[in-house]
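Peer 1: Protein sequences appear in the order of chains Z and L.
Numbering of the first sequence is given in our numbering, commencing with residue 1 and proceeding in unit increments.
Numbering of the second sequence is given in our numbering, commencing with residue 1001 and proceeding in unit increments.
It is worth saying that the hints were derived from the structure and are not from the lab.
As the structure is a computational prediction, the values presented were derived from the model and not from experiment.
Certain hints may be false.
[To be verified] Over 12 angstroms on every C-beta distance to chain Z, these chain L residues come out as not near it, computed from the model:
#	residue
1	Ala1006
2	Glu1076
3	Asp1161
4	Asp1164
[Stated by the list, open to error] Below, simulated SDA-like cross-link-like pairs (lysine to any residue); rule was C-alpha separation at most 20 angstroms, straight line:
#	chain 1	residue 1	chain 2	residue 2
5	Z	Lys181	L	Arg1113
6	Z	Lys72	L	Arg1046
7	Z	Lys181	L	Arg1133
8	L	Lys1176	L	Gly1158
9	Z	Lys163	Z	Asn203
10	Z	Lys72	L	Val1044
11	Z	Lys72	L	Gly1061
12	Z	Lys181	L	Val1044
13	Z	Lys181	L	Phe1141
[Stated by the list, open to error] Derived list of chain L stretches under chain Z, where covered just means 3 residues or more per stretch with a C-beta under 8 angstroms from a C-beta of chain Z:
#	segment
14	1015-1029
15	1062-1071
16	1092-1099
17	1105-1113
Backbone N, C-alpha and C fix where the C-beta goes; we use that ideal spot for every residue, glycine too.
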Amino acid sequence: MKYVIALLLGLVTGAFLFAAGLIFNPFSGERALSPLSVTDAQTVTLSYSAAASDAIVFTNDGESSTKPYPEKVLQLWEAPIRQTWALATVMRDARNETAGYGIKLSSLSESTRLLAGQATVNSVWYVYLPGRGGLFIEQTENYWDYIRNIVLPAYRSAADIWKGTWRGNMTSGPGALGTAKVVGSSGEFANMQTDGVESLAVNVWRVDSGPIAADGTLLIELPNQSTLPEEDTLLELD
Amino acid sequence: MLGIAATAGALYALPLVDQHREVSYISVAPNGGNRESFHINIPVDRVMVGAAEQSTASTAGVDWPEDEILAAASAEMFKLRNERGDVVGVAARAVAREDDTDVIDWVLHLPARGTLFFNMQAAPQESGSRLGRLRSGTQEFEPLSGTVVERWVVDQSGDEDAPDGRIELLATYVGKLEPVE
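Just chain L, with the same shape it has in the complex (with noise of 0.2 angstroms):
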C-alpha cells in the first residue's frame, strides 16, 4: 500500500515535463506594447531549406518532393535564437506565389511559452524589411494581437567564423483589443 500511495503521490506532486526556459528579453514599446526581438543566424540555425530545383548539397539531404503543385512553394526551418543569442525556439518559413502575389507566413514556436503565427505583408518596406501580422497565438501568446519586422542583415564582422547573416525579427505584442460595452 505504502508502494502505491508513494507512487500515485510522486506522480501527482513531481512535473512529468519541466520544460527549459531562457531568460525573455522584452522591452516596452514608446506607444504601449511589449517589444522580443529574435534572430536566426544563416547558414548555422537553417535546418531545413525546401525548394524546387535546389541544390542538395546545402540542405544536408533534404528532397522537396518533385511535385507540379509544389513548384512555386518553398519553405524553411530554423533554429530561433532570442536577443541574447541563446536557442529558444524552432521558426518556420512559408513562402509561396499565389496570383502574382508573394504569400508568406512565418510560425516561431518556443516550447516553453507557446507559438507565434505571423502572416507577411507581400511587398517589403523600401529599407527592405517585411512588415507583418500576428494571425494567432498560443499559450502565452493567445490573448495578444501584435506585428513582426522581418529583415536581412549582412554579417560585416569579419570574423572568420562568422555566419551569412541574419534574419531579425522583432515582434511588439499588444492586448487584443476588445468592444467597448
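So that you can see chain Z by itself, here it is in the shape it has in the complex (with noise of 0.2 angstroms):
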C-alpha cells in the first residue's frame, strides 16, 4: 500500500513540478517586437477597451470569467459555439475619437499547443470605418503570455485580482512574420490586401469578471497601392 501511495505522490509531485516548468520556462514566450512596429508604411491605428462591460456587446457561453453583457444578451451555449465569444465595440483613432465599430468573433483553436507555448485562439475582426470603408481581419492569437502573466497571478492572488501594466501583441499569423491578414471591403479599403497587429494592454485582471481595465490596439498597415485585384463580375447561379 504505501508503494501505491508513494507512487501517487510521485505522480502529483511531478505533474506540478513539470507545470511549474512550464509556467515559469524563460524561454517560452515574450515575442518579440510587431514587424508593424517599424513599417515605413502608412498605417491605420485604432483601439478599443478590452473590457467586456464597455462594449456595445460581450458575448460567451455565459460560464467563463467574463459574463456578457448586456445581462439579457443572447448566450452562445450550444456546443458547436460553445468555445466562441463575441464582441461588438467602438474603435477609436488615435486621439481617441471615435472612427466606427468593430466585431469581434474568436474561436478557442485547435491547434493549442501548451508544450510549446501556443494557447491558440482563431479570430477575425470586421470593423467598419464611417467615411473610409470596411475591413476584415484575419488572425491567429497566442494567448499563452497574456495567461502565464495575468490570468494565473490573479488566480494566485488571496484577493483573486491581478494589477499591473502588461503590454503584448496578440497576434501570431497566419502572416510568416506573425501578423494578420487584412482584407479591403469597401471605400478607400476596397480590393486592398495587407497586414495588421492586435495588441492588448491590461492593468487590472479579476477571476469573477475578468479584464477590468485593459485596452485593445488594432495596427494595420496602408499598402501603397491595391494588391486585390478586381472582380466586377458575380458567378452565374442557377
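Join the two chains, each given in its own frame, into one complex according to the hints.
Peer 2: Structure follows, in C-alpha cells:
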C-alpha cells in the first residue's frame, strides 16, 4: 500500500513540477516587437476597450470569467459555439475619437499546444470606419503570455485580482512574420490586402469578471497601392 | 520523473481544444462547385441589432453609440444554423450608407471550420434576393472563392411559436482560379 501512495504522490509532484516548469519557462513566450512597429508604410491605428462592460455587446457561453454584456444578451451555449465569444465595440482613432465600430468573433483553436507555449485562438474582426470603408481581419492569437502573466497570477492572488502593467502582441499569424491578414471591403480600403497586428494593454484583471482595465489596439499597414485584383462579375447561380 | 513524463505525454497526446462539429450538408452545384445552405431564424437567433434610433426594447438592452459618425451604420449579430436547423456558428451583418450606396457585408464564423467574409451587391435582384462575393475565407475556406445569395423568407407555417421568418444564405464555393502556366 505504501508503494502505491508513494507512486501517486510522486505522480502528483511530478505533474506540479512539470506545470511549474511550463509556466515559469524563461525560454517560452515574450514575443519580440511586431514587424509593423518599424514599418515605413502609413498605418491605421484603432483602439478599443477590452473590458466587456465597455462594449456594445459581449457574449460567450455565460460560464466564463468574463460575463456577457448586457446581461440579457443571447448566450452562445450550443455545443458548436460554446468555445466562441463575440464582441462588438466602438473603435477609436489615435486622437481617441470614435472612428467606427468593430465586431470580433473568436474561438479556441484546435492547434493549441501548451508544450510549445501556444494557447491559440482563431479570431476575425470586421471593422467599419464611416467615410473610409470596411475591413476584414483574420488572425491567430497566442494567449499564452497573457495567461501566465495575468490570468494565473490573478488566480494565485488571495484577492483574486491582478494589477500591474502588461502589454503584448496577441497576433501570431497567419502571416509568416506573425501578422494578421487584412482584406479591404469597401471605400478607400476596397480591394486592399495587407497586414495587421493586434495588441493588448492590461492593468487590472479579476477572476470573477475578466479584464477590468484593458485596451486593445489594431495596427493596420496601408499598402501604397491596391493588391487584390478587382472582380466585378459574380458567378452566375442556377 | 514518471509524473513529469506522464503530464508531458498527456499534454502532447490529448487535444486541449476539441471543437464540436455538426454534419455539413453540402451538395454539388450543377455548373461546378459546392453549395451549402445556412439560415437564421428571426428573431430567436438575433444576438444583437445595433442601429441609430433603434428601440432598446427589442435589443436586450443593447445601446448603439450615439456618435454622429455611426448614424448611417448598423450591425447585427446572429446565431447561424445549417440546413438541418442546428446552430453551427455566429454571423454578423454590417450595413452602411456611403455616397448614396449601401455597403453590406456578411461574416460567417464556423468555429470548427473557419470563417467566410462576403461583400454583397448594393442593389437586390428583382426577386428580392441579394448576391454577394466571397472576399476572404479562413481555415478550410481559405483556398476557395465563391458567392452567396441572401434572401428573406417570411414564415407561413402559422405555428404559434414559429419565428417571423428566416434569413437564408445559400453559399456556393469553387476553387480559386489559378493562372495557366
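Peer 1: Any hints from earlier that this structure breaks? Give me their numbers in increasing order, please.
Peer 2: Violated hints (numbers, rising): 1, 2, 8, 12; every other hint is consistent with the structure.
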